[in-house]
Amino acid sequence: MTPSLQRHLNILDFALSSLWRRKGKNLSLLAVYTLIIFIIASIVFFTQALKREAGLVLQDAPDLVVQRMVAGRHDPIPVSYATAIAAIRGVSEVTPRYWGYYYDPVTGANFTLVAADDPQLKPEAIAIGSGVARTSRISIGDFLPLKDLKGSPVLFSVQKIFPSASELVAADLIQLRQEDFLRLFDFPSGRATDLAVSAGNPAELETIAAKIVHDFPDTRPILKSEMLRTYDSVFDWRSGLVLVVLAVAVLSFIIFAWDKATGLSAEEKKEIGILKSIGWETTDVLLLKSFEGIVISLSAFLAGVSLGYLHVFFFSVSLFEHALKGWSVLYPEFKLTPVIDPYLICLLFLLSVGPYIAATVVPSWLAATVDPDAAMRS
Amino acid sequence: MIMHPGVLALITGSLLTSAMILYAGWYGVRILRNWDLSSGSELQLALEKRTYLISTLLSYALGFELVSLFLFVFTADRLHLLFSGAMCAAGTLNANGFGYPLLILKLVNFLFAGIWLIVNHADNQGYDYPLIRFKYLLLVPLVPWSLLEFSYLFAYFSGLHADVITSCCGSLFSLERPGIAGDLVSLPVKPMRLAFFGTLGATLASGLFSWRSGKGFYPFSILSLATLLVSLASLVSFLCLYIYQLPSHHCPFCILQGEYHYLGYPIYATLLGGGLAGMGTGFLHPWRRRGSLQLVIPKLQRRLAGVAISLFALFLVIAAYQMVFSPFRLGE
Amino acid sequence: MIEVIEVSKSFNVGKVNQFDAVSRVSCRIMPGELTILKGPSGSGKTTLMTLIGCMARPSSGRIVLSGIGAGSLFGQDPDAAIEITSLPERFLTGIRRSAFGFIFQQFNLVRGISVLENVMLPAYPTGVNHKVLRERALTLLETFNIARHAQAQVGLLSGGEMQRVAIARALINDPSVIIADEPTAHLDSRLSREFMALVEGFKKGGKTVLIASHDPIVYDSSLADQVVEMRDGALVDGSLP
Ligand SMILES: Nc1ncnc2c1ncn2[C@@H]1O[C@H](COP(=O)(O)OP(=O)(O)OP(=O)(O)O)[C@@H](O)[C@H]1O
Ligand SMILES: [Mg+2]
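Chains as they are written, first to last, in the working numbering: chain A, 1 to 378; chain B, 1 to 332; chain C, 1 to 241.
These are computed hints drawn from the structure, not numbers from a lab.
Keep in mind that a hint or two might mislead.
[To be verified] Here are the simulated distance ranges between beta carbons: (1) N34(B) / G75(C): 25 to 35 Å; (2) W26(B) / M69(A): 53 to 63 Å; (3) N34(B) / S26(C): 53 to 63 Å; (4) D232(C) / I294(A): 24 to 34 Å; (5) R111(C) / I222(B): 24 to 34 Å; (6) T143(C) / K23(A): 54 to 64 Å; (7) P327(B) / G75(C): 52 to 62 Å; (8) W26(B) / G24(A): 45 to 55 Å; (9) R111(C) / W26(B): 34 to 44 Å.
Every residue, glycine too, gets a C-beta built ideally from N, C-alpha and C.
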């Protein structure tokens, strides 16, 4: 073994033993640090997982949706547009879609009602997401009353409950037959909510969309890729905001760490003075200090990230439940698919270890440059 | 501004690094003005203590520069979804005019910090701070460069706007953006290939010569820089095509992905490492006769040259392997 | 040989509380000899020893070391003359580590770690293998009859034992010069005499010894080859032979 490597090992050895000697102080530092990394990791993992789930949902979404806009608002689109759009070159199929939202005053929840072309669905029967089943406390065979436009309730029998695998998205879903949907909402005849357009060649979608706007200036075509993009940036935006708030937490941690590092106890100062007087050099003490920092930040990082990972993927973000429930009454009981993303791990590493290094570099240097003769005079 | 965690990490990191370098530069100037080794005055002793802080700061800055180079590319890759027409990091970088210049700035700062640390390492071996002036003069230009890097980073990310669905219409009519990297792609392949093997061969030969004889470090370091630049250009112009086995995919970033066996890492590591070590020899050369460094510098230079030629040779092997064994053939 | 030429050390230069702790001191310390620095409290003994021992740099004057094996750090003959006056800290430390062993008045042991680790501590940065180092430290502890306390915490030792640990620590890098600042200040007269017996052993082993003390047991000892007296930072006239 080369002397240089052995020197590192010797100093690492001493660093570990001096960390252990001051376990009270170091463990409290470690605990705070781990907590912060845990929160950051939970947020980052959670948004990432949500994005993934949203991506999965959109996988089944049509490549192109055409909406009608009236006075800047979304309006039912005449079904007659469908035939004209189907005639555009490259379009392989156009399907009118019927869907909408329903506010349930009993539970205070918003359901998504979708007209299904599922032939197995009986008239006046519905298939519901597990979130709906849970909030309304109903199961297969029970009836769910939905009020029509005039306010009189219509009873629907529950024929099927969607499995909770795709819980996050299907939780608030109610599927019913098209004629039931039209009747319930007294939907204007000859109109649909929007049109789903598919193309033989996805590369032509943009041209098709351009043609549609040209032919029907009152419509707005939305591409699936745009939808993904919008989702993505909305999620990022949300988590970004939270992270900014957290940055404040990190900042206070930095101050805390700084304080811990600069407020070297008299004993520690004396110890460094002794080390320097018996032949340790500034570089050696800096190395000692950086080993201490590496050990602390690495253990906090590993602990915080693994806890965050467990929290998000195995405990369904239970600690954030209350905060997230604000998003919707139908808070789904979901299990996110565990994924390990090296990019995120690196990112978290940088976000957590970087500030710690920045906070400790000057205090370590101050400690390391104690004059060696100071020990002669203590 | 896009609130991606990666963006936040890059901006925070870059801010911290710039602050560190600014601080180092400030004391660098004080050292340049007040340094007097023969004096045992308190000011001199305090300045000598500062040198430890400065080299620590610079090594962190170098580390961050290296990590953030990759992090930047990866974040760009993650963000490509947000821009219509962007297929990977290359597209995101093109989203506004700051992307590619920023990449170049990062590269320059990485090399700068690396060379500074090499010179610093040599200086620390001398018992009379032989390179102190040179070292801190070298630090001065790093300050504006790093500030520039930060402002570019900030400008780049704050100028990024996702092409999200707007109220009037989809974004798809925001047409193709003009390309910046296009020039590299359109370089003619044949002369490029010649230049690639030419510089790499010349560098290896000159490095071998320098390593054995302890002479000729100036040409070697210039050649190392040339190899770095030519190889990066060649990567875009034709090397990537062999790796992707596609005639038109020129992206120098996708090779970092798992689909291509993370080949980008050894490629960039050998290239950057080799370029840095090779250039370092030249920066040390003027001082090889300084009294206290007479024995140190020649040894260090040869070690650096050894490192540089081994890394370049490794790079050559990887590149040649791809070119020979890829089923893909470039149409001449 | 250690040559001190017109060395001064001032603190707080240019301020109202400027203080010249050592002023224009010249002396010579011959290899293999025991030199004793004596003088009243505050006369600058400790300060002069930190200058000689490469712990601090003089404000002016020169200190030249020769024949102590430090030359190899500079790519020269190990015993070549080295002027330490304006060396960077890493070189001063290098010399200090290889050539000097220090025994402090307060012993300066690190509390909370074992006796053995305390003895090994100065050699950690030199990159000696941990096992080799351990063996060396144990041998030293045996020489000073404290091997049975090797695993004890230093806080629990008696004054005399602490000093022997401090001496073992000073010898771990096999220095050629031993510097002791008021080594007997915390010892009773029996222990002080025992200490002088150890010093005799160092001299026999060919080591140069420099002791600062105002204890008559030390400066009146027959072992002393040279007694240098200081007052107010300067040498008392005629104190040099
Ligand atoms: N860092 C410092 N700043 C200011 N004054 C100092 C400093 N270090 C030492 N002095 C002063 O220098 C003078 C000499 O101190 P020194 O410790 O060398 O004396 P000494 O002879 O060893 O005394 P003693 O016998 O009490 O140990 C003292 O008056 C002390 O106050
Ligand atoms: Mg004293």
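To see whether the hints hold, each was checked on the structure:
no.	hint	verdict
1	N34(B) / G75(C): 25 to 35 Å	holds (29 Å)
2	W26(B) / M69(A): 53 to 63 Å	holds (58 Å)
3	N34(B) / S26(C): 53 to 63 Å	violated (30 Å)
4	D232(C) / I294(A): 24 to 34 Å	violated (49 Å)
5	R111(C) / I222(B): 24 to 34 Å	violated (57 Å)
6	T143(C) / K23(A): 54 to 64 Å	violated (35 Å)
7	P327(B) / G75(C): 52 to 62 Å	holds (56 Å)
8	W26(B) / G24(A): 45 to 55 Å	violated (38 Å)
9	R111(C) / W26(B): 34 to 44 Å	holds (39 Å)
Consistency note: the structure conflicts with the earlier hints numbered 3, 4, 5, 6, 8.
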